[in-house]
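Engineer: Sequence:
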Amino acid sequence: MKNAITKNQFFHYKVKIRKISGFMAFGICDKQRLSQNQYRFNGVSNVPHGCFLVSSNKYIWNNNLLIQNNCFMDNMPVFQKGDEIEFIYDPIQNLLKFKINNVFEGSIKKIITESQRYLVPCFILINKNDEISIDL
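Under my numbering, think of the first position of the sequence shown as 223, with each following residue one higher.
Some hints here could point you the wrong way.
[What the hints assert, rightly or not] Pairs of lysine-lysine residues, derived as DSS-like cross-links and limited to a Cα-Cα distance of at most 27 Å, are as follows:
| no. | residue 1 | residue 2 |
| --- | --- | --- |
| 1 | K321 | K303 |
| 2 | K253 | K321 |
| 3 | K332 | K319 |
| 4 | K280 | K331 |
| 5 | K321 | K241 |
| 6 | K331 | K321 |
| 7 | K253 | K280 |
| 8 | K253 | K332 |
Keep in mind the hints are simulated off the structure, nothing from the lab.
All values reported here derive from a predicted model rather than from experimental measurement.
Given only the sequences and the hints, what does the whole structure look like? Please build it.
Structural biologist: In structure tokens form, the structure reads like this:
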């Protein structure tokens, strides 16, 4: 992606799950931090990991707010084949809103800090047979 998500820019994208057999996570990430971590994600022990994600196992991951990092969301559905996850970055409220199949809604707070200037959409697929489509 040539242009990063900037501090003052609304940003929107969707992910559709085509095949799922393992862990998946989607959201936005600090590209510089991902590079420093050699593009490895371990949200439990690797903070700061630079990620703001929603995962297939009902967790959210927040680099900047520990209360939302590795946080189980009991009422959030487990991802399944055919699910559509929509993301909207709101710079006014400084949060990443997400919707799953236009039914479940949630948000990840406190996205941008002064040190995070190059945020990009990011995707984690653990199983080589998993497939998604992306609508930017």
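Engineer: Against each hint, give a clear statement of whether it holds in the structure.
Structural biologist: Hints, verified against the model:
1. K321 / K303: At roughly 16 Å apart (the allowed maximum being 27 Å), K303 and K321 satisfy the hint.
2. K253 / K321: Status holds; Cα separation ~23 Å.
3. K332 / K319: 11 Å, holds
4. K280 / K331: 17 Å, holds
5. K321 / K241: 19 Å, holds
6. K331 / K321: At roughly 15 Å apart (the allowed maximum being 27 Å), K321 and K331 satisfy the hint.
7. K253 / K280: 24 Å, holds
8. K253 / K332: Satisfied, since the Cα-Cα distance of roughly 17 Å is no more than 27 Å.
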